[in-house]
Every structure is written in C-alpha cells, then in structure tokens.
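Number of protein chains: 2
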Amino acid sequence: MARVLTPQAEDFPRWYQDVLAKAQLAENGPVRGTMVIRPWAFGIWELVQRGLDDRIKASGARNAYFPLLIPESYLRREADHIEGFSPELAVVTVGGGKELAEPAVVRPTSETIINASLARWISSYRDLPFKINQWANVVRWELRPRLLLRTSEFLWQEGHTAHASCEEAHSFALEILEDTYAATMERDLAIPVWRGRKTDREKFAGAVVSWSCEGLMRDGKALQMGTSHELGQNFANAFDIAYTDERGTRQRPWQTSWGASTRLLGAVIMVHGDDQGLRLPPRVAPVQVVVLVAREGEGVFEQASRLVADLTRAGVRAELDPHTDVSVGRRIVEWELRGVPVRVELGPRDIASGQVPVALRAEAVKTTHALDGLAQAMPAILETQQDELLRQARAFRDRLTSRVTTIGEAIEQARVGAARVPWATLGLDGERRLLEAGISVRCLVREDGALVDDPEAGGVDAIVARAY
Amino acid sequence: MARVLTPQAEDFPRWYQDVLAKAQLAENGPVRGTMVIRPWAFGIWELVQRGLDDRIKASGARNAYFPLLIPESYLRREADHIEGFSPELAVVTVGGGKELAEPAVVRPTSETIINASLARWISSYRDLPFKINQWANVVRWELRPRLLLRTSEFLWQEGHTAHASCEEAHSFALEILEDTYAATMERDLAIPVWRGRKTDREKFAGAVVSWSCEGLMRDGKALQMGTSHELGQNFANAFDIAYTDERGTRQRPWQTSWGASTRLLGAVIMVHGDDQGLRLPPRVAPVQVVVLVAREGEGVFEQASRLVADLTRAGVRAELDPHTDVSVGRRIVEWELRGVPVRVELGPRDIASGQVPVALRAEAVKTTHALDGLAQAMPAILETQQDELLRQARAFRDRLTSRVTTIGEAIEQARVGAARVPWATLGLDGERRLLEAGISVRCLVREDGALVDDPEAGGVDAIVARAY
Numbered sequence: 001m002a003r004v005l006t007p008q009a010e011d012f013p014r015w016y017q018d019v020l021a022k023a024q025l026a027e028n029g030p031v032r033g034t035m036v037i038r039p040w041a042f043g044i045w046e047l048v049q050r051g052l053d054d055r056i057k058a059s060g061a062r063n064a065y066f067p068l069l070i071p072e073s074y075l076r077r078e079a080d081h082i083e084g085f086s087p088e089l090a091v092v093t094v095g096g097g098k099e100l101a102e103p104a105v106v107r108p109t110s111e112t113i114i115n116a117s118l119a120r121w122i123s124s125y126r127d128l129p130f131k132i133n134q135w136a137n138v139v140r141w142e143l144r145p146r147l148l149l150r151t152s153e154f155l156w157q158e159g160h161t162a163h164a165s166c167e168e169a170h171s172f173a174l175e176i177l178e179d180t181y182a183a184t185m186e187r188d189l190a191i192p193v194w195r196g197r198k199t200d201r202e203k204f205a206g207a208v209v210s211w212s213c214e215g216l217m218r219d220g221k222a223l224q225m226g227t228s229h230e231l232g233q234n235f236a237n238a239f240d241i242a243y244t245d246e247r248g249t250r251q252r253p254w255q256t257s258w259g260a261s262t263r264l265l266g267a268v269i270m271v272h273g274d275d276q277g278l279r280l281p282p283r284v285a286p287v288q289v290v291v292l293v294a295r296e297g298e299g300v301f302e303q304a305s306r307l308v309a310d311l312t313r314a315g316v317r318a319e320l321d322p323h324t325d326v327s328v329g330r331r332i333v334e335w336e337l338r339g340v341p342v343r344v345e346l347g348p349r350d351i352a353s354g355q356v357p358v359a360l361r362a363e364a365v366k367t368t369h370a371l372d373g374l375a376q377a378m379p380a381i382l383e384t385q386q387d388e389l390l391r392q393a394r395a396f397r398d399r400l401t402s403r404v405t406t407i408g409e410a411i412e413q414a415r416v417g418a419a420r421v422p423w424a425t426l427g428l429d430g431e432r433r434l435l436e437a438g439i440s441v442r443c444l445v446r447e448d449g450a451l452v453d454d455p456e457a458g459g460v461d462a463i464v465a466r467a468y
Numbered sequence: 001m002a003r004v005l006t007p008q009a010e011d012f013p014r015w016y017q018d019v020l021a022k023a024q025l026a027e028n029g030p031v032r033g034t035m036v037i038r039p040w041a042f043g044i045w046e047l048v049q050r051g052l053d054d055r056i057k058a059s060g061a062r063n064a065y066f067p068l069l070i071p072e073s074y075l076r077r078e079a080d081h082i083e084g085f086s087p088e089l090a091v092v093t094v095g096g097g098k099e100l101a102e103p104a105v106v107r108p109t110s111e112t113i114i115n116a117s118l119a120r121w122i123s124s125y126r127d128l129p130f131k132i133n134q135w136a137n138v139v140r141w142e143l144r145p146r147l148l149l150r151t152s153e154f155l156w157q158e159g160h161t162a163h164a165s166c167e168e169a170h171s172f173a174l175e176i177l178e179d180t181y182a183a184t185m186e187r188d189l190a191i192p193v194w195r196g197r198k199t200d201r202e203k204f205a206g207a208v209v210s211w212s213c214e215g216l217m218r219d220g221k222a223l224q225m226g227t228s229h230e231l232g233q234n235f236a237n238a239f240d241i242a243y244t245d246e247r248g249t250r251q252r253p254w255q256t257s258w259g260a261s262t263r264l265l266g267a268v269i270m271v272h273g274d275d276q277g278l279r280l281p282p283r284v285a286p287v288q289v290v291v292l293v294a295r296e297g298e299g300v301f302e303q304a305s306r307l308v309a310d311l312t313r314a315g316v317r318a319e320l321d322p323h324t325d326v327s328v329g330r331r332i333v334e335w336e337l338r339g340v341p342v343r344v345e346l347g348p349r350d351i352a353s354g355q356v357p358v359a360l361r362a363e364a365v366k367t368t369h370a371l372d373g374l375a376q377a378m379p380a381i382l383e384t385q386q387d388e389l390l391r392q393a394r395a396f397r398d399r400l401t402s403r404v405t406t407i408g409e410a411i412e413q414a415r416v417g418a419a420r421v422p423w424a425t426l427g428l429d430g431e432r433r434l435l436e437a438g439i440s441v442r443c444l445v446r447e448d449g450a451l452v453d454d455p456e457a458g459g460v461d462a463i464v465a466r467a468y
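Which chain is which? The protein sequence lines are A and B, in order.
Quick note on numbering: the first sequence equals residues 1 to 468 in the working numbering.
Quick note on numbering: the second sequence equals residues 1 to 468 in the working numbering.
No wet-lab data here; the hints were simulated from the structure.
Among the hints, erroneous ones may be present.
No copy labels: a pair is met if it fits in one copy or bridges any two.
Mimicking DSBU-like on lysine-lysine, the simulated pairs with C-alpha atoms at most 35 angstroms apart in a straight line are [stated by the list, open to error]:
| hint | residue 1 | residue 2 |
| --- | --- | --- |
| 1 | K57 | K98 |
| 2 | K203 | K131 |
| 3 | K366 | K203 |
| 4 | K366 | K98 |
| 5 | K221 | K22 |
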C-alpha cells in the first residue's frame with residue numbers, strides 16, 4: 001500500500017501533522033497559536049459534544065452563556081487565579097475606536113465572571129445546589145502551540161456549581177469526573193483513562209483540589225483529557241457569594257468547576273490513529289458506514305443507494321461514495337485516512353452473488369456479509385468495532401505502563417510510556433526531579449481503585465509520564 | 001391578577017426590561033454592552049439553534065470553526081468591509097504579557113478569516129459549491145446596547161459559500177432566506193416575517209445585495225431577524241480565491257454569507273409576550289407542559305409524576321411542579337411569566353373526577369380534559385397552540401401595517417406600526433427623509449410576493465418602520 005502518512009514509528013509528531021492536514025482536520029490560524037477546525041474534525045466534535053452535553057444535563061446542570069470579555073480587575077480578586085493565568089492573557093485595550101478605561105481580558109476560563117453572577121443569583125439554601133454549564137471559546141496565549149492539543153484559542157465546556165457543604169461539592173466534583181468525563185471518554189471515545197488527583201503543583205490556579213482524567217497516546221505520552229476542581233470557598237470569598245441557611249445564618253457556598261475541550265479530538269487521533277490515518281470510534285464518527293460503488297454495472301448504483309437509505313433508517317450515519325471516476329484504490333485510501341469505521345464495497349459481481357465485502361477499520365480486516373439484512377446487522381457490527389477500539393487501547397496502555405519502585409526506574413519507563421510509582425517513594429522532591437527530566441506526575445491513584453482522599457496515606461501511586 | 005410586569009401599553013421598553021429580569025432571561029455583563037444569557041433563555045436558544053442547524057445542514061453546509069482573533073490587516077483587504085466595521089471593533093493589543101506586533105481584532109463577523117482559508121481549500125470546479133457554517137460569538141462595540149437585541153457580544157451562526165456562477169450564488173442566498181430563516185421564524189418561532197431586499201444604504205458592508213427577514217414587534221417597531229448576502233466576487237478578489245473550471249480556465253467564485261443571532265430571542269419575547277410574561281411557541285419551549293400539584297392529597301403526587309412520565313414518553317418536554325409549600329397562585333404567576341405553553345393542574349378532586357384543568361397560555365383559556373389519554377392528546381394540543389401564536393402574530397402584524405402612498409403618510413403610520421409605500425414614490429431621497437424622522441426602509445418587497453430582482457422596476461414596495 002502506498003505511503004500516505006509519515007509512519008508513526010518513524011516520527012510521531014510528523015505523523016500527527018500529516019494526518020491533521022491529509023484528513024483535513026485542522027490547520028493553523030493567522031494569529032499565532034489559533035486554529036481552524038475543519039468540517040470533518042468539527043463533525044467529530046459535534047458528536048463528542050452531544051455525549052458530554054447529555055451527561056452534563058443528566059447531572060442537573062443547565063446551559064447558559066457568560067461574556068467573553070472580563071474586566072481585568074475581576075481576575076485579580078482571587079490571588080492564585082490571577083497568578084496562574086496572568087502570563088496567558090489576551091487583553092482588549094481598544095473598543096469602538098477608543099482606548100478602554102479598564103482593559104478587558106478575553107476569558108481564559110470563566111470562574112470570575114460566572115461567580116460575579118452567582119453572587120446575585122444565590123441568596124438562600126433553596127438556591128443550592130446551583131449547577132451551570134457553558135459551551136464557549138477561551139483564549140490562553142500559547143508559546144508552543146500544537147493543533148488541537150495546546151492552542152491559543154480552544155473550544156470547551158466549563159461547568160460551575162455551588163453547594164451547601166464541602167462534602168457535597170467534593171462528591172459532585174467526583175461525580176462529574178466519573179459519570180460525565182470518564183464515561184464520555186471510555187464509552188464514546190473508546191479511550192481508557194486514569195482518574196486521579198492532581199498534585200498540589202499541578203492543580204488549577206484557584207482550586208483546593210483538582211482531579212483529572214488522563215489518557216495515554218500511541219507515542220507513550222500522556223494527555224490530560226478533562227479536569228474537575230474543588231474550589232473550596234476561594235471564589236465565594238472573592239466574589240462575596242453567600243446564602244442564608246435553614247437557620248437564617250449567612251454562609252458561603254462550596255464550589256466546583258470542571259472542563260473538557262477540543263483537545264479530546266487530539267486524543268481520538270493519537271490513541272486510535274494508525275499509519276493509514278484515523279480510526280474513529282463509531283459513536284463519534286460523522287460517517288459510520290461508507291457505501292462505495294466499486295465498479296459500475298446494472299443496478300449497482302440503485303442497490304448502493306438503497307443500502308444507504310436502509311442504513312439511515314436503521315439509525316446508522318451512512319454515506320454513498322458514487323465517484324467511480326476516481327479509482328477504487330484511491331477512494332479506499334481516502335476513507336481509511338478519514339477513519340470511517342465500516343466500508344461496504346459494491347460492484348456487479350457482489351450484487352450478483354448477494355455477498356458483499358465489508359471492511360472493518362478497527363480490526364483491519366475485510367469480511368463478506370450477505371447484502372440481504374446487512375443494514376439491520378450494522379448497529380451490532382458498529383458496536384463490536386466500538387468495543388474493539390477500546391480493547392486495543394486498553395491493551396496498548398497496559399503494555400506501555402509499568403509499576404516501578406524507584407525514581408530512576410520511573411525516568412527510564414517514561415521514555416516509552418507511563419510508570420506507576422509509589423507516591424511515598426516520590427514525594428515533592430521526586431516530583432521536582434522528574435520535572436527536570438521532562439516528566440510530570442499526571443495524577444495520584446490508589447492501589448485499590450478508589451480515589452485518593454489523602455495523598456499522604458499509604459497505598460497511593462503516582463502515574464508519571466511525559467505529557468502534552 | 002397582581003401586576004407582575006409594567007404593562008406593555010404603559011411603557012414597552014420597561015416591560016421588556018421587566019420580563020428579562022423577572023423571567024430570568026438575560027442581564028448585563030460587567031463590560032459595557034455585554035450580556036449574560038441565563039438558563040431559561042439559553043434553553044430557548046438551544047431549541048432555536050437545533051431548528052436552524054438542521055435546516056442549514058439540509059442546505060448542504062457543514063459546520064466548522066474559525067479563529068476568534070483576526071489580524072487587523074485582513075479586514076482592510078475589502079474596502080467597504082473595513083469602513084463598515086471599523087467603528088465597532090474590539091482590538092487585542094496585548095497577548096501573553098507582550099504588546100502584539102500586529103493588533104488582532106475580535107471577529108465582528110468572519111468573512112475575512114474564512115475566505116483566507118477558502119483561498120487554500122478551493123482550487124477546482126469540483127470543490128464548488130463550497131458551503132460552510134459556524135456557530136460563534138462575535139463582538140461589535142455598541143454605544144446604545146439593548147439586551148438580546150443589540151449587544152457588544154452576541155451569539156450567532158454565520159454561513160459562507162462559494163459558487164461557480166453569480167446565478168447560483170443568488171439563488172442560494174434566497175434559498176437560505178426562505179428555507180432556513182423564514183422557515184425557522186414562521187414554523188418554529190411562530191413569527192411571520194417579510195422577506196425582502198435591503199436598500200443600498202442598508203446593505204451589509206462588503207455585499208452586492210443583502211436580503212433580510214423582518215418581523216414586527218408588539219410595540220410596532222420592526223426587527224431585522226436574519227440576513228443573507230450576495231457578496232459577488234468582492235471577497236474572492238480581496239483574498240485571491242480562484243478555481244480552475246472545466247475548460248482549465250482560472251475563475252473567481254461568487255459568494256454568499258448569511259447570519260442569524262441570539263436577537264431571535266428578543267423577537268420571541270417581543271412578538272408573543274403579554275402583560276403576564278412570555279408566551280413561548282411550543283417548538284422552542286424548554287418546558288412545554290408543566291404538571292402542577294395544586295393541592296396535596298391521596299395519590300396526587302403519584303398521578304402527577306405518572307403524567308409527566310407519560311408526557312415524556314409521548315415526546316413532550318414536561319416538568320413536575322410539586323412545590324405545594326408555595327401557593328398555587330404564586331406558582332401559576334411564575335409559570336405564566338416563563339411562558340410555558342400548557343399547564344395541567346392536579347388536586348385530589350380533579351383526580352377523583354378524572355377531569356383535570358388544562359390552561360393554555362397562547363389562548364389565555366383554561367379548559368378541562370380527561371386525565372385518561374391526556375398525554376397522548378398533548379402533541380396535538382401543542383400544535384394548536386403553536387398555530388394559534390402564529391395566527392395571532394399575523395393578525396397583529398396585519399392590523400399594524402398599512403399601505404400608504406405618500407412620505408407624510410408613511411411617517412404618520414410608522415408612529416404605530418409599519419407602512420408599505422411604493423419604492424418609486426420614496427426613492428433614495430424619501431429614504432433619507434424617513435431616516436431623519438427615525439424611520440428606516442426595512443426591506444423592499446414585491447406586490448406579487450416574488451422577491452425584488454430590480455428595485456427600480458414597477459410594483460416594488462418599501463416596508464418602512466421604526467426599528468431596533
């Protein structure tokens with residue numbers, strides 16, 4: 001087969017750039033670090049959004065929209081927050097042809113402006129828990145931008161909640177981590193993720209505790225795919241949010257915030273992609289099945305059109321490829337590049353025999369299936385392909401993750417993948433030594449699978465790896 | 001009934017402010033002219049978006065995303081475009097703590113940055129027609145902001161297409177105007193609209209011809225609700241977009257762009273709202289039916305819950321109001337304020353009799369209906385309410401629109417509503433005289449209902465009114 005992309009084993013970053021360009025996924029915008037998300041990638045994003053949005057709504061949050069522009073002074077109200085975000089800000093100084101009295105920051109995240117509203121909206125314990133979410137663009141100036149992974153502007157959702165107790169905020173932050181983020185990543189994106197606690201060094205600017213979902217890419221580097229923060233009363237203090245409890249006492253609520261972004265597209269590409277291109281999990285594939293007219297002939301086009309109609313009726317996102325003026329080989333390369341999970345090829349002989357070739361991208365196999373009943377069978381075939389990608393990604397991650405017991409071994413292991421090392425062995429000092437070697441603690445997890453309540457307790461492991 | 005809002009007849013702008021605040025729809029952001037869209041209004045917007053997005057996709061356009069920040073120099077490439085938008089720009093001059101070499105404009109619209117991409121993506125006649133859409137926020141500095149109608153930041157979709165011929169671009173611009181915009185407005189929002197051609201004075205900065213849909217609000221002022229522009233080859237020239245035609249000749253494509261925004265929420269409020277609050281067309285109502293437990297009693301809560309479940313199964317967006325600790329009257333005021341189309345009230349006696357009160361917001365009537373079979377009957381009831389709102393809005397618009405034959409009569413009629421005056425009578429000079437009186441030509445329409453090909457031909461009327 002002709003070489004379409006730089007092979008992953010030869011140069012992974014180059015492979016990534018190639019697949020972004022050739023599969024028409026994303027490209028650089030003219031302002032440094034910004035990006036254009038092209039229709040094929042945006043179609044994937046729309047499906048990722050749908051899964052996230054349904055789960056966010058199921059958590060009880062409602063969508064709203066807050067302004068892009070935030071007065072600079074708002075960010076200063078929370079000391080850690082402004083310190084963390086200050087180097088990344090884009091600032092509007094001119095509006096309507098005039099210098100602004102107070103510069104406005106293009107939101108890097110919306111804790112400040114949302115909590116300014118919550119201070120007006122929350123007054124009684126009856127208003128709690130208060131759960132809100134927005135889908136928005138944010139801007140964080142990037143010195144080393146990388147398309148879809150680290151860009152000066154990206155799209156995301158950010159959820160913000162207020163609760164009557166610290167415990168409730170804590171358990172809600174974990175609920176989002178598991179039922180919204182991990183569920184979307186594993187079930188929709190077919191990407192296994194570690195759920196864990198961020199170290200103090202890695203936590204969000206303004207948070208008390210940060211939690212994250214971390215995936216392992218095919219080059220052995222980790223990617224933070226979603227974060228959920230316990231904000232304590234930091235922003236409630238900064239923005240004077242208070243409610244009257246059942247006994248008439250004024251109280252500060254406890255808050256959370258949580259976000260996941262277009263970076264998830266980068267994860268889908270880097271976890272499932274191979275040397276032929278993308279491999280899309282059916283649940284987020286804009287086209288799940290392509291019906292390709294391989295060769296023209298009596299009734300072929302009609303049969304192909306009918307199959308597409310039957311697939312659509314069966315709830316499958318199907319597309320017809322009738323372009324017989326382009327060679328079959330070239331079109332197959334194109335559909336594989338775009339990662340469409342199932343390809344059905346139709347020619348006169350296939351129709352005569354009633355048995356048609358069905359190529360499965362996840363398994364890299366071509367089977368045959370009776371044309372009769374194929375549309376009805378397709379949802380189950382797509383499910384097996386979804387499961388297959390998750391299975392492969394799990395096997396890959398297991399292969400590239402090792403338990404180690406010393407810092408030296410952790411550094412060695414991080415050359416190829418992730419290391420799991422006792423946090424008691426590592427500690428703050430070890431974390432610093434790893435950072436010097438370009439390796440970070442992705443998150444802290446427990447031996448027994450529970451989430452880490454106390455990092456200093458026994459049985460806590462650090463997942464360490466190079467990271468995007 | 002207690003007075004909840006300033007009556008429309010007393011002070012319409014005040015009524016509008018009241019309903020925005022009391023129904024928790026929108027409020028001002030801290031940076032002048034920006035706004036917060038609260039969950040109830042955003043829920044309406046999500047349904048408006050769904051209807052628009054489905055129709056946009058049916059037109060063949062695919063969604064994508066382009067950067068928020070545009071180099072200032074891009075806007076200068078099309079002379080009319082920069083002249084029109086220059087006074088409204090918000091400009092980022094600092095990024096990542098440093099003064100930028102070239103200031104970046106926060107997009108006021110995206111013709112320039114999108115066409116810079118199209119110049120790379122379009123090279124052959126096979127790439128045409130090219131149809132793309134994005135959902136995005138845009139910023140246009142407003143001196144006299146008004147929530148949801150005219151804000152410094154708003155949300156919208158903007159479609160951009162390129163075609164092989166002027167005729168094709170022309171007919172696509174009109175297809176969007178009718179099949180996407182007018183269809184969404186009339187079928188989903190229950191708002192009748194005039195479709196017409198903008199005068200040269202009112203057209204989009206950079207367009208050859210602009211078309212719009214215009215609605216008439218309850219205070220007799222018009223609102224531009226969506227626009228579709230024929231851009232000719234203006235941007236293709238400015239951004240050097242070219243394709244090779246079938247004969248191998250390099251050609252410039254012909255383009256369109258079209259947008260509709262969160263302003264549509266303002267239209268829904270101002271066309272259907274009354275002195276009790278919003279009246280939502282069922283198709284865009286986040287809650288279509290509220291089942292209100294009026295009084296507690298044996299099995300009432302269970303019956304109410306079962307009805308909500310049955311309604312949900314019947315495809316109805318239904319919500320339970322079990323808050324018997326708040327008086328029935330107060331809750332009814334609240335649900336009417338929020339504009340929920342149908343309210344079912346359940347108490348012990350209603351359940352005993354098997355006949356329940358059903359209040360219809362659009363008709364301001366309370367009927368009774370057998371509890372048995374109510375859920376199954378509800379989709380049809382909602383459809384009659386949808387039709388009823390459109391009928392009322394049409395009757396209102398007809399009542400407030402008059403044909404006149406002189407400029408003086410037009411000025412007189414515009415005190416209360418819209419005037420339809422022959423364009424031949426008006427002309428550029430008359431248009432200027434009207435503007436001095438605070439009245440604008442909303443659009444040009446034809447006597448026979450066809451769209452205006454040639455404004456100077458006979459049988460062309462101008463719709464004139466005060467406008468938002």
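List in ascending order the numbers of the hints, as given earlier, that are violated by the structure.
Hints 1, 3 and 4 not satisfied by this model.
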